[in-house]
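**Q** Work out the full structure: start from the sequences and follow the hints.
As they're listed, the protein sequences go chains A and B.
First residue of the first sequence? That's 1 in the numbering used here, and the numbers climb one at a time after it.
First residue of the second sequence? That's 268 in the numbering used here, and the numbers climb one at a time after it.
Quick caveat, the hints were computed from the structure, so don't treat them as lab data.
Check the hints yourself; a few may be wrong.
As the list claims (entries may be wrong) - Pair ranges (Cβ atoms, derived):
hint, chain 1, residue 1, chain 2, residue 2, range
1, B, A380, A, G134, 42 to 50 Å
2, B, L565, A, H135, 22 to 30 Å
3, B, V491, A, G168, 44 to 52 Å
Claimed, not checked - When the alpha-carbon atoms are kept at most 30 Å apart in a straight line, the in silico DSS-like pairs for lysine-lysine are as follows:
hint, chain 1, residue 1, chain 2, residue 2
4, A, K72, B, K492
5, B, K387, B, K507
6, A, K72, A, K188
7, B, K507, B, K492
8, B, K492, A, K116
9, A, K116, A, K72
Even glycine gets a Cβ: it sits at the ideal position worked out from N, Cα and C.
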Amino acid sequence: MPGPVVILENVDMIFGEGASDQVHALKEIDLRIEQNEFISLIGPSGCGKSTLLRVVADLVQPTSGVAAINGKSARQARLDQDYGIVFQAATLYDWRTVARNVQLPLELMQFSRSEKESRTQAMLELVELTDFAGHYPWQLSGGMQQRVAIARALSFEPSILLMDEPFGALDEMTRERLNLELLNIWRKTDTTVLFVTHSITEAVFLSTRVIVMSARPGRITADIAIDLPQPRNAETRSNVRFFELETTVREALRVSEAGEEPERKPG
Amino acid sequence: MSDPRQRFWAPAVILIVLVVLWESLVTAFNIQQFLLPKPSAIAGNLVQVAALDASVSEEGEDISLENRFFTVLPADLSPEMQASLEEARWLAFNLGGRRFFVLRGSNLTPILAASWFTLKEALGGMAMGTVAGIAVAIAAARWTATREALLPFAIAANSMPIIAFAPIMNNWFGIDNPFSKMAIVTIMIFFPIMINTVRGLVSVDAQSLELMRSYAASDSEILVKLRIPNALPSLFSGLKVAGALAMIGAIVGEYFGGPRIALGVFITQEAALFRFASAWAAILVACLIGIGIYLVILLAEGLALPWHPTFRA
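**A** This is the structure we're talking about:
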C-alpha cells in the first residue's frame, strides 16, 4: 500500500503578511489524501479552498507548514509533472486547435511525435471530442471547452488531477452530464482527484470524501466520507442516502459559516 | 454592414459620387487648374481613352491626345495613326458603333518608375523597423528592467519631428542613397510596431501563465508558446499603422532631396513646373500603393491568424 498522495501538515497561508490588509487565507490545515480518492473541497466564497488547491499545485507557497505530494515537496512534484490542473475558465489557447491544445503539455514535456499523436487521440476519445480535433476553441460550447481542458490535464497521465471549480460557469444540465463523464474518466484513469466546488450536490455526487471549510481564515471544519455505492450514475441522485449526505454537508457548512468556534481568535 | 458586397458597394458609390461632383464643380465654377485639377485631368496622366466616331469630321492631321482622359477622334484616321493606336492600346473594344481604345497615360511610365523606387525604400524601411521593433519588444517583455530603461528612448524617438530629421539622414547616408529614406521610415514605424508588440507580449491572461507554470515551463517556452502567439494580433495592428506611415515617410524624405526617379522628387518638380494634374496623379498612385500595402498586411493577417475573432465567419 503506497503512502498518501497528498499530505498537508499545519499549513498556514497569509497574504501580505505584516501589512495592515493582510489576509489570513488558510489556517492549520491538515489533510491526507490517499491514492484513488476523489476529494471535494467545499466552503463559503473566499474560504481559501482555491488557495488550498494552489498550495498543492505549488502555484503559491504556504507561509508555514508542509505540503508533500507523492512523498516529495510540492515544488518537486510540480517540476515532475505529478498533477494536471483544470481551472474554472477552460484557459485554452485561442490560436491552437482542440488537438493542439491537448498536445501543449506533451510538447513542453518533449514527448515523441508519435506518442503525442496517439495520446492526443486517446484523450479526445476519452472526452468524446474526436470529431472536433481540428476546431478552434471559439467554435466550441463552454462545456466542450472544459472537456478539452480536462483532456489536456490528463494527457500526460499525471497521478493527481486538480480541479478548481471546473464546472462552476456551466449550466446545470451540462454540469450534470460532465459530472458523470468525469466519474467515468476517474474510474478509467486511476487518478486521485482534488476538486474545488461550491455545489453541495456536485460534491456529494462525485466524491469519496467531502472536506468542508470555514470562512476566512479557512480551516477544515468537517471531513465527511461519502459512502454511496460505486459506480455512480443518474440513479445515485435519487438514492435516499444521497439526500442524507447532502443534508449532512449542508449542516456542516451552516455550522462552519455561522458557528465560529469559541476558542478561535479573529484573523 | 456585415454583408461583404455592401461593404464594397457603399464606398464605391460614395467614391463615384464624389468624383462626379468634383469634376462638375471644377467645370461649373471654372476653377483654375493649379488650384484644383479635374479628376479627369489627373486620370489622363495615367490612363487615356480614345473613341473613333464616324460622325466627327476631320480636324486636320495634327491629332494629339495630350493629357486628356477622353478624346473623340474621327473614324477615318490615317492608317499610320490607326496602327499606332492599335499598337499602343491596352484594350480595344467596340461599343455603340464606336471603337474605343484604352491607352497608357503620358505620365504613367515615369510615375510608375518613381513609385517603384519609392516603394522599395518604404518596404526596406518597413522591414528594418519591424525587425528592430519586434526585437526590442521581446527584450522589453522579457526583462522589466530593459522595458523601463528603453521606454523613454522609444518615446523620444517617436516624438522626433521626422521633417527635421530627414535632411540629417540625407546628410548622413547621401541624398541619392535609398538608405537615407529607409532610415527615416525605420524611425517612423519603429514605435508603433514596438509598442503594439510589447502590449501583446505582456497582456497575457494570468491563468494562461499559471497553466504554463503548472507545466514547469521555462521563460523561453512561455515566450514561444504563449507570449508571441498572444502578441500576433497586436503586432498586425502595429503593422497596419506602419504600412500607412512607410510610404509617407519615404516621400517626406524625398522632399528634402533624392534621385530624380523618386516619387517625392517627381511630385515637387511637377508642382514647381505648374503641372499640377501630373503631381496629383503621382499622389493618387502613392495613395493606391498605401492601400495596397494595407491590403497585403490584411491578407497576411488572415492567413496567420485564422483563429482570431476578426476572421470568424
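**Q** The structure should be examined with respect to each hint, and the outcome stated for every one.
**A** Hint-by-hint comparison with the structure:
| no. | hint | verdict |
| --- | --- | --- |
| 1 | A380(B) / G134(A): 42 to 50 Å | 47 Å, holds |
| 2 | L565(B) / H135(A): 22 to 30 Å | 24 Å, holds |
| 3 | V491(B) / G168(A): 44 to 52 Å | 31 Å, violated |
| 4 | K72(A) / K492(B) | 29 Å, holds |
| 5 | K387(B) / K507(B) | 17 Å, holds |
| 6 | K72(A) / K188(A) | 26 Å, holds |
| 7 | K507(B) / K492(B) | 24 Å, holds |
| 8 | K492(B) / K116(A) | 16 Å, holds |
| 9 | K116(A) / K72(A) | 27 Å, holds |
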